[in-house]
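Undergrad: The chain contents come next:
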Amino acid sequence: MAAEHYNYWVVVILMMAGFYVVIRARNLVKKIVGLNIFQTSVFILYISIGKVAGGSAPILAPGITTYSNPLPHVLILTAIVVGVATTALGLALVVRIHEAYGTVDDEEIQTQDADP
Amino acid sequence: MSGALLPWLVALPLLAVPAIVALDRWPNAREAASLLAGLLLFALVVTLWPEVSSGARPAWTLVEPLPGIALALRAEPLGLLLALVASLLWVVTTVYAIGYMRGHHEQNQTRFYAFFAIAIASTMGAAFAANLVTLFVFYEILTLSTFPLVTHAGTDAARRGGRTYLGLLMATSIGLLLLAIVWTWQLTGTTEFTPGGILAGHAGPGTLGVLYALFLFGIGKAALMPFHRWLPAAMVAPTPVSALLHAVAVVKVGVFSVLKVSVYVFGLDLLSVSGASTLMTYVAGATVLIASLVALRQDNLKRRLAYSTVSQLGYVVLGATLATAWGTVGGGAHIAMHAFGKITLFFCAGAILVAAHKTEVSQLDGIGRRMPWTLGAFAVGTLSMIGLPPAAGFVSKWYLLLGSLATEHYVVVAVLVASTLLNAAYFLPIVYAAFFRAPPPPAPGEHAHGEAPLAMVAALLFTAGLTLAMFFYPDLVLRLVRQLVGGA
Amino acid sequence: MTGSDLPVLLVIVPLLAAPLCLVLRRGGAAWAVALASSGYCLYAAYTLLGTVRAGGTLDYAMGGWPAPWGIAYRIDLLNAYVLLLVAAIAAVVVLYARVSAAVEIPRHQHARFYAALLLCLAGMLGITITGDAFNLFVFLEISSLSSYALISLGRDRRALTASYQYLIMGTLGATFILIGVGLLYMLTGTLNMVDIAGRIQGLAGNRTLLAAFAFLVAGIGLKLALFPLHLWLPNAYAYAPSVVTALLAGTATKVAVYVLLRFLYTVFGYDLAFADAFLHYLLAALAVVGLLVASTVAIFQDDVKRMLAYSSVAQIGYTVLGISLLNQTGLTAALVHLFNHGLMKTALFLALGCVFYRLGSVCLDDLRGLGRQMPWTLAAFVAGGLSLIGVPLTVGFISKWYLVLAALELGWWPVAVVVLGGSLLSVIYIGRVVEVAYMQPRPAGAERVREAPLGLLLPTWALVAATFWFGIDTGLTLGTAGEIAGQLFGGGR
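Protein chains in written order, with numbering that gives the first Met the number 0: chain G, 0 to 115; chain Y, 0 to 487; chain E, 0 to 492.
It is worth saying that the hints were derived from the structure and are not from the lab. Here a beta-carbon is modelled for each residue, glycine too, at the ideal position from N, C-alpha and C. Among the hints, erroneous ones may be present.
Examples of chain E residues toward chain G, derived with CB under 7 Å [said to hold, decoys possible]: (1) V137; (2) Y147; (3) L159; (4) T170; (5) T174; (6) I178; (7) G181.
Over 12 Å on every C-beta distance to chain G, these chain E residues come out as not near it, computed from the model [unchecked claim]: (8) L5; (9) P442; (10) W468; (11) G481.
Input sequences plus hints: build the corresponding full structure.
TA: Rendered as C-alpha cells:
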C-alpha cells in the first residue's frame, strides 16, 4: 500500500528536507532555497492528488472523456507565483542585508547585531 | 428632581480645573477659584441634607457601558456624610494649603491645586455611587489623580513613595477588588447597592467569607494589614496632601467602601448569620493593635500620624465587621470624627514644619511655648484619637464599644481598650514634651520662630473647633448614620 | 459604486490604487491616492456593517460564477465587524503617514511605500471578506509580502533582518495553511468554506481532516503570534517605521484571529474543533503562558516599541484565552478585545511615532523628562497605557471585565487571577515609561524638543478619544461582539 502512495512520500521527504535546510542553513540564500523546496513539496501534494487514474492532461481534446482535475493545477500556478514573489522579495532583502552587514551568514549577522 | 444635582456635584470640581490651570500666572485668582468651587460644592451638598434625612434617595443615571451595569449616582446617608466631610474639609484645606505652599515656597502649585480638584471630584463620585462598578470607577480615578500629588516633590524619595503608593493600590484594586465585583455580578446578576444586601441566597457561607475577604483586602484604601504600606509611603507628599487625602479623602473612601459593601452588598443580617466577616474582624483588630505598636516606634511625626491613621481606619472596619447596628453606627460616625481629629493633627505637623522646620517628635520639646495655638489644637486632636471627652473620637468609640459588648466580641473589646492605651502612649508624650519640657538651646544661626502663617493656623483652629463641636452636637452625624441601620 | 458590488470594490479599490501610486511617482500624490482609497474602504466597510446588521449575511459571487464553483464572498456579522476595524485603523494610519513617513522613509521610496501599504490593506480586507479557502491563502500572501516590504523600510539595518526573519517564518506559516487547505480540498473537492463545512459533516475522526485541522491551526497560530510562534513579532514591530508598526499592530494579528475563528467555527464547526480535539486546553495553556511571559519580558525592555510589541503578544494571549474558554461570554470577550486592542495599540504606537518624529529614538533613556516638553504626546501615551491596564472608562476595562466574567462563569479561578495579574504586569511597564517621562529631568545637554506637529497629534488623539468613547458607549463594539458570539454559538454558519 505504501507503494501506491509514493507521491505522499515524495511530499514528506521534500517537505522535511526543505524545512531542515531553512532551520539549519547559516547562509541566508540557502534558507530561501530551503523555503523553495518546502513550498515545492506542497505543490507536488496538490498536483499529485489531482491525477485521476486513466485521465489525460486537462486540456480539452476530441475523443477524450476522462481528464485529470484541472483545479489543483490552477491553484498551484497561483501558489507558484506567490512562491516566486516570496523568493524575489527574500533575495532582494538578502542583497540589502549584504550591503548593510557585509555578510549573508546568519550567525555573523547576529554577532554584529549583538554588539551595539 | 434633585437627582439632577448629583452629577453636578462631581462635575463642579472638575470644572474648576481649567479655571485653575488658566489662572496659573495669577496665584491669588487661582486660589480664589479653588475656594469658590469648594464653597459652592459644600453649599450644594448641604442642600441634599434635608431630603436624605427624610428618607428620600435622589438618583441619577449617567450612562450604561456594560449591559445591565450603569454608571449611576444615588444619595444615601453614609454617602452624604462622606460628601459633607470631604467638601467642607476641601475648603479648609485649600485655605491651609495657601499658607503652606507659599510659606514653604513650593513649586508646581497649579498642578497641585488642579489634581486636588480632580481628587475631590472622584471622592464625590465615590460617595454617591449607586453601584459597585460606579464606585470602582471613581475609586480608580482617585488613585490615579492622587498619584501626581503624592510625587509632587519630584525627588527620588517621592518617586519611590509614589511607586509603593500606586503599585499597592492598583494591585489590590485590580487584583482583588475587581475580581470580587465581577464575582458578585456573576453570582447575583446585579451590582446595585441595596438596603439589606444583594447576596442573600446566592452563595454559601464559605463563598461569602472568601468574597468578603476579597472585598476588604481589595479595598486597599482602607489600609488593612498587610496592604497598608502605601499610607506611610505617601507621607513624602506635601502636608496638605497628607492632610486632606490621607486623613480625609483617600482613606475615607476606603473605609466608606468597606461600610457600603458590608451594609448594601452583603447586608448586616447575612454577615452575622453566615459569619462571613469573622476572619476580617480579627484582621481589623490585628491592624488596630499592630499599627499602634509601630506608631510608638516612629520618630518622624508624619509617619507616626500615618500609622495612627492605619490604626484608626481599623476601627471603622471593625465596626463594619461586627455586623451589628451599633458597630455600623460607630464605624460610620468615626468616618467624620476621625477626619476632623486627624486633619487637625496633620495641619499641626505641617505648621511645625513650616514655622520651625522640625519633623521629628524628638525635636519638639518646648515648642508649645512658641506655637501655643498649634499645639493646643494638637492636644484636641490627640484627645479625639484617644477617644476621650470632650473630643469627637469619644462618640464613635462609645458606639463601637457598645457594638462589641452587644455581640459579646470580648476580644474586640480588649482590642479597643488596649488601643486606647496605646494611643495615649504615643500621643500624650508629644503634648507633654511640647508644653512642659524646656526647649533645646537654639542652634547657631537659628532664628526664634513664632506661629505658622495665619492661613494655616486659622485652618487648624477651625478643624480643632469642629472636633470639639462634634462632641457636643454628635446628632448632626449620628442621625445620618442611624438611617443606615433603620434608625436604631 | 453600486451597493451590491460593495464587497468586491472593497478589495479592488486599494488593489488598483497601489500600482497607481507607483505610476504617480511623487510622494504627495501617492499619499492622496492612498488616503482616498482608505477613506473609501472605511465608508464601504461601515456601510457593509450596517447592511449586514439589518439584513443578515451577504453573499457575493465573483464574476457572477455561483458558489461553490466560483469564488464567493460571504459577509456575515463577524467579518463585517473586523472589516470595519481594519478599514478604520488603515484610514487613520494613512492620515498620519503623510508627516511621519516624511521623516522615517527616504523620499524616493514614498510612492513605493504607499503602494505597499495599499497592497497590505487590500490583502487584509480580502482575507476578511472572502468565503473561499484558497482565496484566503492568496490574500494572506498578498498582505504578508507587502508587510515584509513595509517592515524592511525601517531606518535601522536590523529592520532588514527582522523582515527577513518574518518572511521565513511567515512563509512557513502560510504554507502550512496551504497544506491544510489542500488536505481539505482532497477530502471534499471544494474550496468554498460553507461547502466544505457541509461536506465534512459526519467525517469526525477522519485522519486527513485532523491533519488538515492541525496544519491550519499551526499556520494561523504563527500569523497570530501565538506563543511560542511569536518570535518574529518583537523585532518586526521594533525596527519597522512607526507608521508600519502602528498599522500592523492594529490589524494584522486581528485578521489572523478572524481567520482562526472562521476556520474553527464556520468550517470545522464547534464539535470537531473543540469537542474531539483538545484544542481548547492547548490554546488556553499557550495563551496563559504567553500572556504572563510576554508581559514579564516587556517590563525589562529599554526600547519602548519592543516593550509594546511584547505587550501585543500578551494581549493576543488574552484574545485567544477568551476563545479557548468555550462559552459565549468568553467569545464575546475575545471579539470585543480584538476591536479594543486594535484601537489602543495603534494609538500607543502612533504616540510613539510622534516621539520618534522629534527625537529619532524611542529608547527609555532618551525619553527622560519628555513629559514636560511633549505634553500632548505623552498624555496620549498615558491614556493608551491606562487602557492597556484596564482602568475603567477605557476600552481595556470592558475587555477585562468580560474575560474575568467568562472565567468565573466556568469556575476557572486561576484563569481570572492570571488575567488580572497580566493587568498588574502592564502597570509595571507602563509605569516605567510614565516615571521616566514625567519624573526625571531631561538628559544633560539634550536639545529642547517641540511638541509633535498637528498632522501627527490629531490622528493619535482621534484614536485615543475612541479608546475612551468605546469604553463608555459600548453599543457598537460590545453589541456586535455579543451578537456574533451568539450566532457562532447557536451553530449559525
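Undergrad: Could you run down the list of hints and mark each one as holding or not?
TA: Hint check:
1. V137: holds, 6 Å
2. Y147: Cβ of Y147 of chain E sits 6 Å from chain G, so the hint holds.
3. L159: holds, 5 Å
4. T170: holds, 5 Å
5. T174: holds, 6 Å
6. I178: Constraint on I178 of chain E satisfied, holds at 6 Å.
7. G181: holds, 5 Å
8. L5: For L5 of chain E, whose nearest Cβ neighbour in chain G is about 25 Å away, the distance exceeds 12 Å, so it holds.
9. P442: Fine: 17 Å to the nearest Cβ keeps P442 of chain E off the interface.
10. W468: holds, 39 Å
11. G481: About 37 Å separates G481 of chain E from the closest Cβ of chain G, which puts it past 12 Å; holds.
Checked against the numbered hints above, the structure breaks none of them.
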